[in-house]
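Undergrad: Sequence:
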Amino acid sequence: MRCYRLLLLNILHITSISSQYSPTLQSVQILFRHGQRAPTKFIIFPTENPKLLDNFSLEVGELTNDGIVEEYQLGQNIRSTYNTLIGQRYVPSKLLVLTGVDNRTVVSALSVLASLFPPEDDQVWAKDLKWQPIAVHTQPILDHFSFGALNSCPILSQNIKKSKAYKEIAAEDPQFKDWLTNMTGVNARDLTLYSYILDTLIIRACLKQLPPPIWAHNSTIDEIISRKQRLLHSRIIDTFLSQSGGWLMDLFVAAIENRIMNRTNHKLLLYSAHDTTIQTFGKFLAIAELDTLIPFGAYLALEHHIKDQQHIAELWYHPTLNGTRIRIMIPGCPDPCNFKTLKNLKQRVSSSSWMSICYGQEPFCDDYTVVLGAMIGLTILLGILSVLLIFVCCAYRHRLKKLLDPEQQSLLLS
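Mature numbering (1 follows the signal peptide of the UniProt record, and there is no 0) puts the sequence shown at residues -19 to -1, 1 to 395.
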C-alpha cells in the first residue's frame, strides 16, 4: 500500500498538458479531497494495546499536521495555476468556498485559503501574521457519499439496506470478514464496521506515529485491503449513483449557469470534500479512470471558457500535489465540450430533492420560493382586507346617508 498513489490513466481518454493560463477562462470550480487524517472510527482496535495511543493525540477523523501541510501546498498549486484568473487579493464576491460538515473538510479548506489568499497591503491586520479570515460555508450534502450518506441519511440508509444489491455486498467474503473480526475484535460482518476496519488499516499504513498492527503490515495484506476498500466504496456508490451523482452535476452546472446569467461574479469556487465524492462524480460521468479512491489533496477542476462565442467546459484532474495536471475527456461531450451538451448529459438532482431522498421529507423550498410564497400570501391577504374595508365603508356611508336624510330625521324626531 502506498500513501500517495499515482493514477495511471487511459491515453484514449485523457491528454497530459502542462498548466497554463488561458485568456478564454471565465471561472473554475475545484472539487478536492481533504488532507491526511486519523481513522474515522477506530484509532486502534479492541485487540490492541491501549498504550499505543500514548503518542497519538488526534481524535477520530481529524487532520494530521502532514494533512494540513498537504492542503496548504494545494492552495499554492491552485495559486500558481490560476493566478491570473483569481488575482492576488481576496475579493469576497469572486470566491465561493463550500465544505462538508466533517471537521476535516472545513480545516482543509482553511488550510488551502491560508496559502491561496494571504493578506495584501491594506488587508494586513497583524504585521507578524500573514493570514486573514475568509468566509467558508458548509454544505452538508458534500459529506453524503458512499457510507457517508448511509451514516447521515436515515431514510436513504433504510431503503438501501433493504435492497438486494446491499445484501449481496454484505454477504460477500465471509471467510475474510471472519478473519478480520478475529484479528481486530470488531464485527466485520456488519458492512459499516467492515468499512471502518479497512479505513483504519489503510490510514495507519501512512501514519508514522501509529503504524498498523503487525499482522497487517505486509505488502500482500496491504494490496488485498486496498483493493477490497476500492471495490466496496464503488459498489455502495452504485446503489444510489443517479441521485448522488445528479446532485454533484447540479452543483457544477448551476454555478456555470449563474455565471452566464450574471447572477454571481464567482471566478473561483472551492468544494472541500472526500475521495468518495470525486469517485461518485467520475462514476456518474462514466469516467472509468476516476472509479478509484484518490490520494489526499488531489482535485478535479471544471473550467468554464468562452471560445468562439460558445460556452465550453474543460475537466482537469490533478492526482498528486507536485504532479502535472491531466485533461480528462467527458464521455458523451465531444471536445470542445459545449456547455449546452454537458448540462443535458445527465439528470440533475437539486439540493431540496436530495434532502427529500435523505430524510424522507417533501422537497424543501429554496429561499427565493419561500419569500415569493410569503409575498403572494401577503398580497392576497391585503386584497381581502381591502375588499372588506371597502364593504364596511360603503355600509357605514349608506347608514350615514340615511341619518342625514331630512325625511328620515323628521321621522326620528316625531
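To be clear, the hints were calculated from the coordinates, so they are not data collected in a lab. One thing to keep in mind: the hints can contain errors.
[Stated by the list, open to error] Pairs of lysine-lysine residues, derived as PhoX-like cross-links and limited to a Cα-Cα distance of at most 20 Å, are as follows: (1) 264 to 209; (2) 22 to 209; (3) 189 to 22; (4) 32 to 145; (5) 288 to 324; (6) 248 to 209; (7) 321 to 288; (8) 248 to 75.
Undergrad: Determine for every hint whether it applies to the structure shown.
TA: Verification of the supplied hints:
no.: 1; hint: 264 to 209; in the structure: holds (17 Å)
no.: 2; hint: 22 to 209; in the structure: holds (18 Å)
no.: 3; hint: 189 to 22; in the structure: holds (19 Å)
no.: 4; hint: 32 to 145; in the structure: violated (42 Å)
no.: 5; hint: 288 to 324; in the structure: holds (17 Å)
no.: 6; hint: 248 to 209; in the structure: violated (39 Å)
no.: 7; hint: 321 to 288; in the structure: holds (14 Å)
no.: 8; hint: 248 to 75; in the structure: holds (5 Å)
Of the hints listed earlier, those the structure fails to meet are numbers 4, 6, in rising order.
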